[in-house]
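Using the sequences and the accompanying hints, generate a full structural model.
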Amino acid sequence: MRRVVITGCGIVSPLGSDLNSVWERVSAAHSAIGLLSRLKIGNGNGHVAAEVKDFEPAKHFSATELSLMDRFAQFAVVAARCARQDSGIEWTDELATSVGVSMGSGYGGAESYDSSYRSLYADKAPRIHPLTIPRLMHNAAASHISMLLGAKGPSLSISTACASATDAIGTAYRTIQHGSADVMLAGGSDAPLTLGVFKCWEGLRVLASAGKCPAEACRPFSVDREGIVIGEGAAVFVLEEYDRARRRNARIYAEVAGYGSSSDAGHITQPGVDGPARAMSLALKEACVVPAEVDYINAHGTGTKLNDCAETRAVHEVFGASAKAVSISSTKSLHGHLMGASGAVELLITVLAMQKCVVPPTANFHGPDPECNLDYTPNQARPRRIRVAISNSFAFGGLNAVIAVKSL
Amino acid sequence: MSSIEIEERVIAAIKKNGRLDSASVGLDTTFDELKLESLAIICTVFDLEDAFNITIPDDAAKNMRCVRDVVDGVAFLIASTPGLSVEGRT
Numbered sequence: 001m002r003r004v005v006i007t008g009c010g011i012v013s014p015l016g017s018d019l020n021s022v023w024e025r026v027s028a029a030h031s032a033i034g035l036l037s038r039l040k041i042g043n044g045n046g047h048v049a050a051e052v053k054d055f056e057p058a059k060h061f062s063a064t065e066l067s068l069m070d071r072f073a074q075f076a077v078v079a080a081r082c083a084r085q086d087s088g089i090e091w092t093d094e095l096a097t098s099v100g101v102s103m104g105s106g107y108g109g110a111e112s113y114d115s116s117y118r119s120l121y122a123d124k125a126p127r128i129h130p131l132t133i134p135r136l137m138h139n140a141a142a143s144h145i146s147m148l149l150g151a152k153g154p155s156l157s158i159s160t161a162c163a164s165a166t167d168a169i170g171t172a173y174r175t176i177q178h179g180s181a182d183v184m185l186a187g188g189s190d191a192p193l194t195l196g197v198f199k200c201w202e203g204l205r206v207l208a209s210a211g212k213c214p215a216e217a218c219r220p221f222s223v224d225r226e227g228i229v230i231g232e233g234a235a236v237f238v239l240e241e242y243d244r245a246r247r248r249n250a251r252i253y254a255e256v257a258g259y260g261s262s263s264d265a266g267h268i269t270q271p272g273v274d275g276p277a278r279a280m281s282l283a284l285k286e287a288c289v290v291p292a293e294v295d296y297i298n299a300h301g302t303g304t305k306l307n308d309c310a311e312t313r314a315v316h317e318v319f320g321a322s323a324k325a326v327s328i329s330s331t332k333s334l335h336g337h338l339m340g341a342s343g344a345v346e347l348l349i350t351v352l353a354m355q356k357c358v359v360p361p362t363a364n365f366h367g368p369d370p371e372c373n374l375d376y377t378p379n380q381a382r383p384r385r386i387r388v389a390i391s392n393s394f395a396f397g398g399l400n401a402v403i404a405v406k407s408l
Numbered sequence: 001m002s003s004i005e006i007e008e009r010v011i012a013a014i015k016k017n018g019r020l021d022s023a024s025v026g027l028d029t030t031f032d033e034l035k036l037e038s039l040a041i042i043c044t045v046f047d048l049e050d051a052f053n054i055t056i057p058d059d060a061a062k063n064m065r066c067v068r069d070v071v072d073g074v075a076f077l078i079a080s081t082p083g084l085s086v087e088g089r090t
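Chains as they are written, first to last, in this note's numbering: chain A, 1 to 408; chain B, 1 to 90.
These are calculated hints, taken from the structure and not from any lab test. There could be a bad hint or two in this list.
List of simulated lysine-lysine pairs, DSS-like, C-alpha gap at most 27 Å [said to hold, decoys possible]: (1) B:Lys35 - A:Lys152; (2) A:Lys124 - B:Lys62; (3) B:Lys16 - A:Lys59.
Ranges between beta-carbon positions, derived for each pair [what the hints assert, rightly or not]: (4) B:Asp59 - A:Met1: 50 to 58 Å; (5) B:Ile4 - A:Asn20: 54 to 62 Å; (6) B:Ser2 - A:Glu56: 37 to 45 Å; (7) A:Ser180 - B:Glu37: 27 to 35 Å; (8) A:Asp243 - B:Ala12: 50 to 58 Å; (9) B:Ser2 - A:Arg127: 20 to 28 Å.
We put the beta carbon where it would ideally sit given N, CA and C, even for glycine.
Have a look at this one:
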């Protein structure tokens with residue numbers, strides 16, 4: 001089976017849109033969460049979000065391009081361009097047919113859905129703008145990356161809620177493994193900060209409140225955690241076949257060594273333990289490592305009561321005696337829950353952590369929950385050589401995805 | 001509304017949606033000559049429906065080949081819609 005490595009990273013996120021500033025904020029536990037400013041909801045008070053600030057679409061796209069692109073597709077293309085540039089890959093016509101795209105998104109064009117339905121239902125518009133379908137379709141991110149970067153290999157979009165990006169990266173890894181492409185632009189993108197999406201999540205009663213300090217609203221594994229904070233953004237990787245990367249002396253961030261995917265076949269919202277545990281075990285088995293060799297887990301760690309307990313139990317189940325020795329963190333405490341993009345942003349932070357030999361912290365940890373009794377790297381980053389890491393993504397509907405990465 | 005006004009607004013909509021700022025567009029200019037792609041044509045139809053508060057049927061939209069077809073079609077719809085505000089919405 002062919003080996004696959006990460007040779008480029010690109011990101012548009014609440015933490016910033018270049019790798020250095022993202023890492024600086026992560027390692028300093030500097031949260032990007034704050035009061036929602038892009039839209040007013042209800043009385044306009046008290047909603048927190050992790051927003052991408054300072055994103056100027058016109059800097060990246062022509063007016064014609066923008067007329068066709070929802071915010072989630074804009075994020076995706078900008079992150080993909082950054083990843084391609086970061087990889088240093090020579091983008092020839094000859095290469096194009098060997099390059100594919102695999103993008104995850106939970107929502108697709110949420111803003112386009114929201115604004116078009118609003119004009120229809122609230123403003124009683126007699127018709128919807130003709131470009132609404134191209135803007136809102138889930139595959140728009142993959143399609144625009146393919147069109148604007150000239151990727152002519154297999155391209156697809158994957159939507160498995162919060163596991164979308166991790167499944168997209170796993171699928172891209174398989175695509176290269178099996179020889180269907182030599183290079184894949186893979187990741188996730190979501191821009192779900194709309195009235196409709198917020199109200200839907202509010203209905204589930206899983207959103208964290210702003211409290212006295214909005215920046216500390218997301219508190220994964222902490223005894224006083226309240227729930228999730230919705231975020232937006234994208235991260236894209238250049239995944240490349242190992243020999244090809246070696247031949248061109250590419251900088252290799254890490255090897256994608258395993259991908260585990262499982263289903264709970266249980267409850268639609270309540271997280272399972274067995275399903276996530278199997279996904280982690282499958283990823284480790286494929287990576288040919290035993291749990292004791294894993295140095296870091298970037299947890300799904302949403303900050304809900306149920307997820308964090310279930311994930312902790314799953315880690316115990318897989319890691320057994322070595323569970324307490326592995327460093328864990330939920331960086332959602334810093335960048336919020338980017339929905340279908342979260343797995344990509346978290347894997348990106350994971351590979352940066354491997355490069356820096358530093359475990360990212362779980363910010364806003366105010367005290368241990370008796371049911372969450374592992375090492376969550378509370379509040380402060382910690383030096384540690386990371387040879388093997390996994391990034392967990394567990395979706396509503398019981399769909400679980402885990403990527404294992406190894407340093408080379 | 002005079003046919004000249006309709007013509008001006010149709011041409012403006014075509015230029016906007018086809019990104020044809022500098023093109024010379026007259027009544028007999030065809031969409032093929034302007035290399036107007038189908039998305040630009042349906043966006044033009046959308047804008048005109050909005051501007052004149054009319055509904056252009058699919059059949060009519062599909063048979064438009066030149067600027068005159070659009071101007072005549074819009075004028076016919078305005079004339080045959082009783083009580084329509086011909087001032088439009090833009």
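Here's how the hints hold up against the structure:
Distance restraint check for Lys35 of chain B and Lys152 of chain A: the Cα-Cα separation of roughly 25 Å lies within the 27 Å cut-off, and the hinted pair is therefore satisfied. For the suggested pair Lys124 of chain A and Lys62 of chain B, the alpha carbons sit about 26 Å apart, so the restraint of at most 27 Å is met. Straight-line distance between C-alpha atoms of Lys16 of chain B and Lys59 of chain A comes to about 21 Å, which keeps the hinted pair within the 27 Å bound. Between Asp59 of chain B and Met1 of chain A the CB atoms are about 56 Å apart, so this pair conforms to the stated range of 50 to 58 Å.
Checked against the given bound of 54 to 62 Å, the beta carbons of Ile4 of chain B and Asn20 of chain A, roughly 59 Å apart, stay inside it. A C-beta distance of roughly 42 Å is found between Ser2 of chain B and Glu56 of chain A, which places it inside the suggested range of 37 to 45 Å. At about 31 Å, the CB distance of Ser180 of chain A to Glu37 of chain B agrees with the hint of 27 to 35 Å. One distance hint, 50 to 58 Å for the beta-carbon pair Asp243 of chain A and Ala12 of chain B, holds here, with the actual separation near 57 Å.
At about 26 Å, the CB distance of Ser2 of chain B to Arg127 of chain A agrees with the hint of 20 to 28 Å.
In the structure shown, no violation is registered for any of the earlier numbered hints.
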